[in-house]
Each structure stands twice: as C-alpha cells, then as structure tokens.
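Engineer: Here's the letter readout for the chains.
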Amino acid sequence: MRVIVIGSGKMLYFLAKQFATAEQHVTVISEKQTECTQLSRQLDSTLVICGDGSDPKVLNDAEAFRADVLLSLTPYDHNNLVACQIADKMFGVPKTIALVNDPDNTELFRKLGVTVAFSATKIIAGLIEQQTGFQEITNLVPVANGLVTITETKLPEESPVVGKSLLDIPLPSNALIACLIRDDRVIIPRGQTTLQAQDKVLVLTQPENASKVLSLLTGHE
Amino acid sequence: MAKFQYIVIVGCGRLGSALANQLSKLGNSVVVIDRHQSSFEKLSSEFSGFQMEGDAMELSTLHQAQVKKADCFLAATDNDNVNLTVAQIAKTLFNVPTVMARIFDPARDDVYRQFGIETICPTALSSQAFLQALEGQNRENNS
Chain A
1 MRVIVIGSGK
11 MLYFLAKQFA
21 TAEQHVTVIS
31 EKQTECTQLS
41 RQLDSTLVIC
51 GDGSDPKVLN
61 DAEAFRADVL
71 LSLTPYDHNN
81 LVACQIADKM
91 FGVPKTIALV
101 NDPDNTELFR
111 KLGVTVAFSA
121 TKIIAGLIEQ
131 QTGFQEITNL
141 VPVANGLVTI
151 TETKLPEESP
161 VVGKSLLDIP
171 LPSNALIACL
181 IRDDRVIIPR
191 GQTTLQAQDK
201 VLVLTQPENA
211 SKVLSLLTGH
221 E
Chain B
1001 MAKFQYIVIV
1011 GCGRLGSALA
1021 NQLSKLGNSV
1031 VVIDRHQSSF
1041 EKLSSEFSGF
1051 QMEGDAMELS
1061 TLHQAQVKKA
1071 DCFLAATDND
1081 NVNLTVAQIA
1091 KTLFNVPTVM
1101 ARIFDPARDD
1111 VYRQFGIETI
1121 CPTALSSQAF
1131 LQALEGQNRE
1141 NNS
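Note that the protein sequences, when read in sequence, are chains A and B.
Residues 1 to 221 in the numbering used here are what the first sequence spells out, letter by letter.
Residues 1001 to 1143 in the numbering used here are what the second sequence spells out, letter by letter.
Hints listed in this document are in silico derivations from the structure and should not be mistaken for laboratory results.
Mixed in with the good hints there might be a few duds.
To be verified - Derived DSS-like pairs: lysine-lysine, alpha-carbon spacing no greater than 25 angstroms straight-line: (1) A:LYS212 <-> A:LYS200; (2) A:LYS122 <-> A:LYS95; (3) B:LYS1042 <-> B:LYS1025; (4) A:LYS57 <-> A:LYS32; (5) B:LYS1068 <-> A:LYS111; (6) A:LYS111 <-> B:LYS1042; (7) A:LYS111 <-> A:LYS164; (8) A:LYS111 <-> B:LYS1091; (9) A:LYS95 <-> B:LYS1091; (10) A:LYS89 <-> B:LYS1091.
Unchecked claim - Just a sample of chain B residues kept apart from chain A, beta carbon distances all over 10 angstroms, derived: (11) GLY1013; (12) ARG1035; (13) LYS1042; (14) SER1044; (15) PHE1047; (16) SER1048; (17) GLU1058; (18) ASN1079; (19) PHE1115; (20) ALA1133; (21) ASN1141; (22) SER1143.
Unchecked claim - One side of the interface only, derived from the structure: several residues of chain B facing chain A at Cβ under 8 angstroms: (23) VAL1082; (24) LEU1093; (25) ASN1095.
Just so you know, even glycine gets a beta-carbon here, dropped at the ideal spot from N, CA and C.
Using the sequences provided together with the hints, build the complete structure.
Structural biologist: Right, here's the structure in full:
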C-alpha cells in the first residue's frame, strides 16, 4: 500500500514511523525545511518532500497518481480539504483522510468528497465526557467511521438492571448488548439471560445514544 | 446584473475592498468579512454596507453574515485554499446562486473549474493581457 501523509511535528514523525513497514510505502510532505531535513535523516525508507501538500505540483512529485491513501493532518482545515480534493479529483487517490480542526466542519468535509473526516476535538471531548461520567467504563471504541461505538462497562452492585433479564431492560432500539463476560467466561446473551452485578457488558450503540444506554446500565447520571 | 443584490465578500484586501466599494456604490447591499479590523480602512466613504470582523472559515461567522440569504458570494482573500473552501461552503451548505473565488495558482484554478466552482485567476488574466498588448505592439511595428 502507498500512503501519503501531509502535516508537521511529532504526529507526522510517529505516523510515518508506524506506517513504514515492508508492505507499506510512505511519503511525507511538510512545509518546514528544517523539519524535512530532520525527518529524512530519522526515517530511512520514507520519501520526504518539502512543500505545500495542497499544491498539485507537490502532490505530483509525491506520486499521488499511484497512492492508495492520502492523509492530511495540518492545523488548517482549508489546507486539509483542498489537499484531499486535489488528490481525489486530479490524481484519483481512492481514499482521502482529513483532520478537521473545527468540529463543525466534519459533516461538510464528507459532503465535499473527503472519504474520512475526523475531528480530534470531538474524539477527545467524547472520551473526557465518558470517562468523567462513568468510572466503570474501560473501553470506548468508535467503529464504521464513528457511526457505531463499542463500549465495555462493568455493572455495579447498585445498577438498576442487575437481576433483570435482557427482555425487561428498556434499551433504545438502536442499541444492543452484544456480549457478557462473567467470571472470565463469555456469554452471548439472549432475551432470557439475567444480568448480574460485576458482569462486564459489551454494548453496541450509535454515539448519540451511548451515554443514555450507559446511564441505564450503571444507574449513574 | 440585477439591481440591489445582497452580496457577501470574504477578504477586505485590495481586491475585496475594491469590489465592496464598487458594488456598494452601485446600490447593492454588501457585507464584507475580514479577520482584521484594520483591513476595513481600505473601504471608501462611498461604502455604505456592513463590515464584519471574523474568520469566514468558521461556520458561525457565515451564519452571522446571513450567507443563506445572499444572492452572490465572492471569495477574495489572499489564500487560495481558504477561497476554495469558503466558496464550496457557500455553494453546497448555503445554496448561494452565484459564487466566485479568486485563485492565484493556475493549476488549482483548472481543477476546481472542472468541478463547477466559478474561479477568477489573476495570473491567467494578466498573462493574457500582457500577450494581447504585445501582439498589438508587434502589429503596430509591422504596419
């Protein structure tokens, strides 16, 4: 797979380092001359290009025409959008990923042809909200471009659903208790399965419902 | 051009301020947005529209400028990518009927023209003007 990463700073360095394996070819583009020199010394198998990642000439030098994925991670939303659009329209890059700094732009970027637009602000805000609200939550993973969240939580003694069967729990229609872990045993629950305190529960929900479902399961607001 | 349109201009530099002054003088209702208050000093006494200090890349600024009611949206900042982005926002999110963007880079100009953004490229325009003037000169010399 051929990957192009546009950005700067530590994030660019560590991403390039992580991506650069035998099966993957990574090209990084940064506007900072000194950073480029440093990167090319640190990253052996990586091609480093100094320039504006939204400039068609620079993308051509980066061989965007045969790239599989382009990631644009600059702190400016307009640069990320234009880099992704030019990669898509002019070079036919099949998958473009943009960092969205202003969370309000996420939807818009998808509408304008960016394959994946993600907002670090939104992800971190979501994590903090969840972690501070529910200490029992050990894991929160967004899947399918953030359309679905998988959450793991432990049922406390005082949980209102302890002793109830799944059929009797008023879960919203777009949420599912997918799996229970009880004394290190995995149980795929059915309607009759009864929940016990200390059960670990894996829940699939849409993100907007996640906190509602978790309040229901843990009894915490 | 129909009389008395509601026009939003992003960027109050040399181009933005000239457009704002002229369009306001012709009787249109003009709002000009710029990140720096000092840019509005370029507006003439004939400008009777609104000035708005703010970043047009933030959707709230565009909402505040009532872009959804605009007949015409002109992106005239000195940054090609900002112009391309706000122009697309005006077109797809606010459905403004006439949207135009100034793009310095001819390569970018080409790409975006292909997918329906009306662009004005000063580089292409000046090179055309130069070549035409040169042709005129040559014709004069030969006759």
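Engineer: Next step is simple, just say for each hint if it's right about the structure.
Structural biologist: Structure-based check of all given hints:
no.	hint	verdict
1	A:LYS212 <-> A:LYS200	holds (18 angstroms)
2	A:LYS122 <-> A:LYS95	holds (22 angstroms)
3	B:LYS1042 <-> B:LYS1025	holds (15 angstroms)
4	A:LYS57 <-> A:LYS32	holds (17 angstroms)
5	B:LYS1068 <-> A:LYS111	holds (18 angstroms)
6	A:LYS111 <-> B:LYS1042	violated (36 angstroms)
7	A:LYS111 <-> A:LYS164	violated (43 angstroms)
8	A:LYS111 <-> B:LYS1091	holds (12 angstroms)
9	A:LYS95 <-> B:LYS1091	holds (24 angstroms)
10	A:LYS89 <-> B:LYS1091	holds (18 angstroms)
11	GLY1013	holds (16 angstroms)
12	ARG1035	holds (13 angstroms)
13	LYS1042	holds (23 angstroms)
14	SER1044	holds (29 angstroms)
15	PHE1047	holds (27 angstroms)
16	SER1048	holds (31 angstroms)
17	GLU1058	violated (6 angstroms)
18	ASN1079	violated (7 angstroms)
19	PHE1115	violated (6 angstroms)
20	ALA1133	holds (28 angstroms)
21	ASN1141	holds (37 angstroms)
22	SER1143	holds (41 angstroms)
23	VAL1082	holds (5 angstroms)
24	LEU1093	holds (6 angstroms)
25	ASN1095	violated (13 angstroms)
Violated hints, listed in ascending order, are 6, 7, 17, 18, 19 and 25; each of the other numbered hints is respected by the structure.
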